[in-house]
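Using the sequences plus the hints, can you model the full thing?
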Amino acid sequence: MSGTEPTPQPLARRPWALPSAVASELDPDHARRRGTRRTVRDWLVDFVCFIAAVLIGMIGADSVGDNPHISAGYAELDQVIGALACAAVWLRRRWPVGLAIAMLPVAVASDTAGGAAALTLFTLAVHRPFRYVAWVGGISVALVPLTYWVRPDSEMPYGIAIAFGVVLTAAVIGWGMFVRSRRQLLLSLRDRAVRAENEAALRAEQAQRLARESIAREMHDVLAHRLTLLSVHAGALEFRPDAPRAEIVRAAGVIRESSHEALQDLRQVIGVLRGGDADASGRPQPTLTALDTLVAESRAAGMKVALDNHVADPAAMPAAIGRTAYRIAQEALTNARKHAPGTEVTVVVSGAPGEGLTLSVRNPAPVGDVPKVPGSGQGLIGLAERASLAGGRLGHGVPPEGGFHLEAWLPWAP
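Heads up: the sequence shown begins at 1 in our numbering, then just goes up one per residue.
Hints were generated in silico from the structure; no laboratory data involved.
Every residue, glycine too, gets a C-beta built ideally from N, C-alpha and C.
Just to be clear, a hint being listed does not mean it is correct.
To be verified - Cβ-Cβ distance ranges computed for the label pairs, FRET-style:
hint, residue 1, residue 2, range
1, ARG256, PRO414, 43 to 51 Å
2, ARG195, LEU84, 12 to 20 Å
3, ALA352, ASP242, 49 to 57 Å
4, LEU187, TYR158, 41 to 49 Å
5, HIS396, ALA296, 18 to 26 Å
6, LEU187, VAL167, 53 to 61 Å
7, ARG256, ALA200, 45 to 53 Å
8, LEU227, ALA200, 35 to 43 Å
In structure tokens form, the structure reads like this:
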């Protein structure tokens, strides 16, 4: 993965162009630091709403002045109430529920406050859940007949005026709920995008971890066998400098050959990791058909190995299963060479298509003290994981007669 930072979203780069409620949801940290303040867009919208409330109030004031059913003194009171209601529009974001409730009797008492009442109802529908809108909106609709009964309209019949008021109230509420749904959709899409980005990062991290584990397991399985040979024979040369020349030459030859094979295996692993191809290094990965060669190498290194192979046709085995069986046998022989030198290791292989493949490696307890050979202790854990990934199982332990016994079963489809 590259170390570049993700490109910020266009909305995140322009918080001033968003409503404060949406901006605080998109950037909660910023909202906690500075609080929910009006953005530039909020100030512009609030100014436009104030102007709209004033214009609608002026139309209402003219209507009240021309209404023969309303006295001149009440018309002046209507205009004062309307002016106060227009000024209260600036508080609609801070107290949407309280202001909407307060506007219910104001809208009944004053035609001039009609625009301000509609804006507070719209604000309530935008900023609060439907249960608040249902209560306040239902009361507003119920008060429409009372409003036109107390102050009849001079131009529209009573029934038409009630229908007009109900439709207008429903339109304001519907518009506000539509705006709220749009904002919620925007936030849900943003949350979904953030969640998808986090999940992608988590999947990439898991893939990297699995790749590292696969690399470590492959390096251990491939190189531990060769390097153990180097360690054993180098230790023999170190502690027996007076050994016969023929034995020194043989040990040096084993060291040279093991070093060469280790380099080849290392190139093979690197080639697989780079190209994702088992044959990228020019050497096919070993399968069960190479078990005889593995045993011969161990015998040439001085081990006593008895191989009992009951598999009639190892080449017919699937390559993945054969490769897993080979790595298990290789690690088992490596462990026996490190922890039980000088003992005879017995390797038994049996199985057939449909029955599965069984691999058993057993060695008795060593005689005398065993020189400590460095090791990570992760070999058996890696083998168990290999067997599990192949759909099989692996067990190991110390039998009653002593020594060590490892047995694995791998599925072999017919």
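Cross-check of the supplied hints:
no.: 1; hint: ARG256 x PRO414: 43 to 51 Å; in the structure: holds (44 Å)
no.: 2; hint: ARG195 x LEU84: 12 to 20 Å; in the structure: violated (47 Å)
no.: 3; hint: ALA352 x ASP242: 49 to 57 Å; in the structure: holds (52 Å)
no.: 4; hint: LEU187 x TYR158: 41 to 49 Å; in the structure: holds (44 Å)
no.: 5; hint: HIS396 x ALA296: 18 to 26 Å; in the structure: holds (24 Å)
no.: 6; hint: LEU187 x VAL167: 53 to 61 Å; in the structure: violated (31 Å)
no.: 7; hint: ARG256 x ALA200: 45 to 53 Å; in the structure: holds (49 Å)
no.: 8; hint: LEU227 x ALA200: 35 to 43 Å; in the structure: holds (39 Å)
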